[in-house]
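Trainee: Read in order, the letters of the sequence shown correspond to residues 159 to 425 in the working numbering.
Because the hints were derived from the structure by calculation, they are not lab data. Even for Gly, the Cβ is constructed at its ideal location relative to N, Cα and C. Be aware that one or more of the hints could be misleading.
Claimed, not checked - Restraint-style ranges between C-beta atoms, simulated for each label pair: (1) Glu409 x Ser360: 35 to 45 angstroms; (2) Glu230 x Ile198: 53 to 63 angstroms; (3) Arg191 x Arg372: 46 to 56 angstroms; (4) Glu409 x Gln265: 11 to 21 angstroms; (5) Pro377 x Leu208: 23 to 33 angstroms; (6) Glu417 x Ser364: 39 to 49 angstroms; (7) Val197 x Glu230: 38 to 48 angstroms; (8) Ser363 x Thr192: 37 to 47 angstroms; (9) Gly393 x Glu279: 17 to 27 angstroms; (10) Gly393 x Glu268: 38 to 48 angstroms.
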Amino acid sequence: MAASGPSHSAQERREAQREALRTQRQAELKRQRTVRTIVIAAVTVVALVLVAAAGLFIYRQAQPAGPVATPEGVAEDQPYLPIGAPEDSGKPVLEIHLDFMCPVCGQFEELNGADLQQIVENEEATVHLVPRRFLDTQSTTGDYSSRAANALACVWEDDPDNAIGFQQLMFANQPAEGSAGLTDEQIWGYAQEAGASDEVQSCMSSKTYQPWVRQVVDPYGEETGGGTPYVEIDGETFGSDQWSQPGKMREAVLAAGGESASDGGEG
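Let's have the full structure, built from the sequences with the hints guiding it.
Mentor: Take a look at the structure:
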């Protein structure tokens with residue numbers, strides 16, 4: 159009987175070891191479950207945050223755009239810069255959509271720029287300048303048309319009488335389509351040459367009216383088919399087959415006002 163003592167003691171030790179291992183495994187399994195729970199909870203929280211952020215972004219995108227800054231004297235929903243005869247003068251309305259990167263717009267300016275200047279100076283029509291950014295993607299900077307359109311709005315706000323001169327200078331120095339476009343410093347130089355005051359430079363550098371061009375002018379331009387140049391006289395399209403003939407645009411404007419170049423206009 160005495161010989162069974164050590165064997166019994168060894169069995170107890172083995173049982174104790176097995177129990178210790180079992181306890182250790184249970185503790186490890188519990189730790190793993192805890193870690194897994196924490197990871198799942200963290201992933202869930204991150205997912206919820208991302209879903210909430212995405213929902214907030216979508217919600218904000220779906221909200222109507224707030225009021226945008228417009229040049230002084232331009233209504234919030236007005237997509238053009240008026241020059242020439244006053245709006246209430248009863249004179250014909252000549253509307254011109256131009257993009258400063260657009261090569262065909264450069265051709266339009268070359269053919270009609272002098273006549274447009276006369277129309278404005280003689281107040282033969284109320285001219286609506288619609289500065290477009292149709293070809294932003296055709297500049298390597300991706301924003302030349304927007305910068306130029308904003309600059310025209312800044313110059314117009316400073317003094318509407320300088321708008322045509324600035325437009326002429328911009329087209330006379332028009333960059334090639336697909337290039338970076340003129341630098342801000344170059345655009346500012348042409349604004350100065352057209353007579354703009356120093357306040358125009360800060361308006362240009364802060365891109366004050368680019369939101370107006372995007373949110374107000376863009377949708378309006380799409381209604382006309384989106385392309386540039388686009389010309390209307392009293393709401394009627396004046397196509398390229400007409401404006402490409404020198405002098406025809408001014409003749410049409412004068413005719414719409416019941417005049418002719420011989421009896422109503424100078425030159």
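Trainee: Indicate, hint by hint, whether the structure satisfies it.
Mentor: Evaluation of the provided hints:
1. Glu409 x Ser360: 35 to 45 angstroms: Cβ of Glu409 to Cβ of Ser360: about 41 angstroms, so the range 35 to 45 angstroms holds.
2. Glu230 x Ile198: 53 to 63 angstroms: holds (58 angstroms)
3. Arg191 x Arg372: 46 to 56 angstroms: holds (54 angstroms)
4. Glu409 x Gln265: 11 to 21 angstroms: holds (19 angstroms)
5. Pro377 x Leu208: 23 to 33 angstroms: holds (32 angstroms)
6. Glu417 x Ser364: 39 to 49 angstroms: holds (42 angstroms)
7. Val197 x Glu230: 38 to 48 angstroms: Given a distance of about 58 angstroms, which is not inside 38 to 48 angstroms, the answer is violated.
8. Ser363 x Thr192: 37 to 47 angstroms: Violated, since Ser363 and Thr192 (Cβ atoms, about 57 angstroms apart) do not stay within the stated range.
9. Gly393 x Glu279: 17 to 27 angstroms: holds (24 angstroms)
10. Gly393 x Glu268: 38 to 48 angstroms: violated (26 angstroms)
Of the hints listed earlier, those the structure fails to meet are numbers 7, 8, 10, in rising order.
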